[in-house]
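Enquirer: Based on the sequences and whatever the hints tell you, model everything.
The chain contents come next:
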Amino acid sequence: MPSIPSPRGRNTGGLGGLVCLVDVNNFYASCERVFDPGLEGRPVVVLSNNDGCIIARSQEAKDLGIPMGEPVHKVKDFLRRERVHVYSSNYALYGDMSARVVAVLKRFTPYLEVYSIDESFLDLTGFADPAAHGRAVKDAVHRWTGLPVSVGTGATKTLAKIANRTAKKDPGLGGVFVMPPDPGDNDALLAALPADAVWGIGRRLAQRLGKLGVITALDLKRAEPKFIRSRLGVVVERTVLELRGIPCLDLELTQPDHKGIMVARGFGRRITEYRHIAEAVATYVSRAAEKLRRQDLAANTLTVSLRTSPFDTHRQRYANAAGLTFPEATFDTPAMIAAAGQCLKRIYRPGLAYQKAGVFLDGLEKVGAMQLGLFASIDQNRAGALMRAVDRLNRDWGRDTVRFAAAGTRRPWMMKQKMRSPCYTTRWQDLKRVGN
Amino acid sequence: MPEDVPGEVIEIGRAREPGPAAEPCPLAFFTCRIEAGFPSPADDYLEGTLDLNEHLIRRPAATFFLRVSGDSMTGAGIYPGDILIVDRSLPPADGRIVIAVIDGELTVKRLSRRHGRIRLLPENPRYPPIEINAEQDLRVWGVVVHAIHSFA
Numbered sequence: 289m290p291s292i293p294s295p296r297g298r299n300t301g302g303l304g305g306l307v308c309l310v311d312v313n314n315f316y317a318s319c320e321r322v323f324d325p326g327l328e329g330r331p332v333v334v335l336s337n338n339d340g341c342i343i344a345r346s347q348e349a350k351d352l353g354i355p356m357g358e359p360v361h362k363v364k365d366f367l368r369r370e371r372v373h374v375y376s377s378n379y380a381l382y383g384d385m386s387a388r389v390v391a392v393l394k395r396f397t398p399y400l401e402v403y404s405i406d407e408s409f410l411d412l413t414g415f416a417d418p419a420a421h422g423r424a425v426k427d428a429v430h431r432w433t434g435l436p437v438s439v440g441t442g443a444t445k446t447l448a449k450i451a452n453r454t455a456k457k458d459p460g461l462g463g464v465f466v467m468p469p470d471p472g473d474n475d476a477l478l479a480a481l482p483a484d485a486v487w488g489i490g491r492r493l494a495q496r497l498g499k500l501g502v503i504t505a506l507d508l509k510r511a512e513p514k515f516i517r518s519r520l521g522v523v524v525e526r527t528v529l530e531l532r533g534i535p536c537l538d539l540e541l542t543q544p545d546h547k548g549i550m551v552a553r554g555f556g557r558r559i560t561e562y563r564h565i566a567e568a569v570a571t572y573v574s575r576a577a578e579k580l581r582r583q584d585l586a587a588n589t590l591t592v593s594l595r596t597s598p599f600d601t602h603r604q605r606y607a608n609a610a611g612l613t614f615p616e617a618t619f620d621t622p623a624m625i626a627a628a629g630q631c632l633k634r635i636y637r638p639g640l641a642y643q644k645a646g647v648f649l650d651g652l653e654k655v656g657a658m659q660l661g662l663f664a665s666i667d668q669n670r671a672g673a674l675m676r677a678v679d680r681l682n683r684d685w686g687r688d689t690v691r692f693a694a695a696g697t698r699r700p701w702m703m704k705q706k707m708r709s710p711c712y713t714t715r716w717q718d719l720k721r722v723g724n
Numbered sequence: 002m003p004e005d006v007p008g009e010v011i012e013i014g015r016a017r018e019p020g021p022a023a024e025p026c027p028l029a030f031f032t033c034r035i036e037a038g039f040p041s042p043a044d045d046y047l048e049g050t051l052d053l054n055e056h057l058i059r060r061p062a063a064t065f066f067l068r069v070s071g072d073s074m075t076g077a078g079i080y081p082g083d084i085l086i087v088d089r090s091l092p093p094a095d096g097r098i099v100i101a102v103i104d105g106e107l108t109v110k111r112l113s114r115r116h117g118r119i120r121l122l123p124e125n126p127r128y129p130p131i132e133i134n135a136e137q138d139l140r141v142w143g144v145v146v147h148a149i150h151s152f153a
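Chains as they are written, first to last, in the numbering used here: chain C, 289 to 724; chain Y, 2 to 153.
Don't read these hints as lab results, they were simulated from the structure.
Among these hints, one or two may not hold up.
Simulated restraints, written as ranges between beta carbons of each label pair [as the list claims (entries may be wrong)]:
(1) Y:S151 with C:H361: 42 to 48 Å
(2) Y:E136 with C:M356: 33 to 39 Å
(3) Y:G105 with C:A479: 42 to 48 Å
(4) C:G353 with Y:E106: 28 to 34 Å
Beta carbons: idealized from backbone N, C-alpha and C, even for Gly.
Expert: Listed below in structure tokens is the structure:
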């Protein structure tokens with residue numbers, strides 16, 4: 289398919305390739321369960337930052353009909369009545385558990401794409417018995433980490449996604465499903481699947497497809513690729529081919545290009561005072577700069593965004609952002625805090641009840657490859673040594689052991705996370721207790 | 002080595018306050034930094050550093066730390082406050098000290114599987130053995146490989 293541009297990455301070998309998608313079932317809720325086995329068989333939900341919406345549900349919670357994304361205040365009484373266990377999100381725990389899952393998967397193949405916090409694609413091309421392998425993967429992840437996974441295998445990523453969905457939906461399959469190797473044998477399965485259940489086909493696209501008479505995944509597979517391309521573009525054409533078992537999406541094994549670093553969070557409550565917002569922004573800058581240095585990067589631009597809550601219908605709403613470009617790429621936290629302060633001054637309006645701020649670093653480059661500006665303002669080496677020392681202290685002694693005074697000490701803007709479970713795997717004082 | 006002054010405590014290092022991050026803590030085995038003058042005779046014997054993580058943790062992805070809060074295993078050298086290093090990947094064989102799930106709670110006991118009988122044995126006469134019936138299925142959370150007990 290020379291006409292179809294393929295993203296960088298390992299070629300899965302054209303026809304005959306085998307891709308496997310491993311997906312942790314109800315990931316966040318399952319993480320909570322590993323350390324609290326008493327939650328087994330009970331409904332569990334996990335809330336978004338600031339305890340706003342429901343972003344994860346155990347199967348039991350799904351069975352109660354609790355919708356995804358539901359604002360928690362709307363269902364408070366229901367949750368209490370049904371004795372649903374409610375947790376604030378604990379990203380320290382989920383991140384650690386996710387890394388463990390990936391480590392287990394890497395024992396099976398080094399050719400793996402970490403697609404999201406709870407999903408990885410494995411290249412199983414050349415493996416003789418994919419079903420047996422799928423079961424081995426599932427058992428190993430469960431034994432090593434305590435997390436339940438579903439495993440779906442197919443000739444392409446798109447088919448692996450469908451196989452995974454099938455493995456999840458049909459309890460008789462035991463969490464593992466392999467698409468029949470002959471693409472023709474998939475038709476019954478695809479006929480039962482609406483087009484918008486196919487990877488990459490959202491509700492909008494599905495509506496447009498519907499007008500062309502494409503209702504099911506099978507319709508999409510049988511559509512003429514060139515026609516689809518002319519009407520809906522190359523991305524959907526690729527999906528058609530992938531449904532036919534022709535790989536168009538390679539596994540992205542290499543680290544993707546640095547896309548910029550974003551740290552944006554809601555405040556624990558509405559905040560009006562400039563001083564408090566400046567503290568929050570300085571903290572987000574510190575966090576973003578830390579991430580930057582961890583990857584050996586420097587940023588050319590910094591953007592600060594600020595907004596009131598879109599749900600505050602009774603109050604004046606406002607959202608704005610301002611950015612600037614550094615004279616030279618930098619990884620220096622004080623320089624960035626100063627820059628963020630300038631940006632914030634430009635967008636801050638007194639008297640408003642702000643709900644969220646963010647910092648975005650972009651124009652990232654490797655420190656080695658950094659352009660030296662004509663008016664280089666800081667001694668990069670000296671700043672580098674100081675920043676490394678700060679990062680080290682924070683790593684060894686815990687986050688925020690050393691922080692910049694601009695980030696404040698009282699911090700009334702801290703996120704609300706009232707029901708967070710302990711950081712079982714990342715804090716000594718939070719270790720799970722084991723009794724008699 | 003200077004002679005110890007009798008009766009005086011020489012503080013070698015201060016234990017950390019509990020804090021996050023289990024970073025490797027390399028201890029220098031032989032180090033010698035001489036900018037000028039003769040090289041150290043020990044330099045030829047440098048062997049790198051000892052990393053306790055490497056010694057205690059075979060499979061990091063499957064290894065978890067738990068804190069002991071009960072006294073039912075003191076006979077096995079496991080005391081309240083100790084940190085248990087638990088490897089989930091190990092099979093729960095007869096005689097191993099395991100973390101088991103009883104009524105939704107984690108408990109540490111010695112596992113006994115003999116003659117078709119499964120029991121969780123405490124190592125403290127004040128606690129009775131726990132018999133696992135055929136209909137109860139025993140969930141083993143992990144196998145204890147080390148206990149870290151602090152004296153100071």
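Enquirer: Work down the list of hints and note, for each, if the structure agrees.
Expert: Each hint, compared with the structure:
For the hinted restraint 42 to 48 Å between S151 (chain Y) and H361 (chain C), the CB-CB distance of approximately 45 Å keeps it satisfied. Against the hinted window of 33 to 39 Å, the Cβ-Cβ separation of E136 (chain Y) and M356 (chain C) comes to about 37 Å, which satisfies the hint. Here the CB-CB span from G105 (chain Y) to A479 (chain C) is close to 43 Å, well matched to the stated 42 to 48 Å. Under the hint 28 to 34 Å, the C-beta atoms of G353 (chain C) and E106 (chain Y), about 30 Å apart, fit the expected range.
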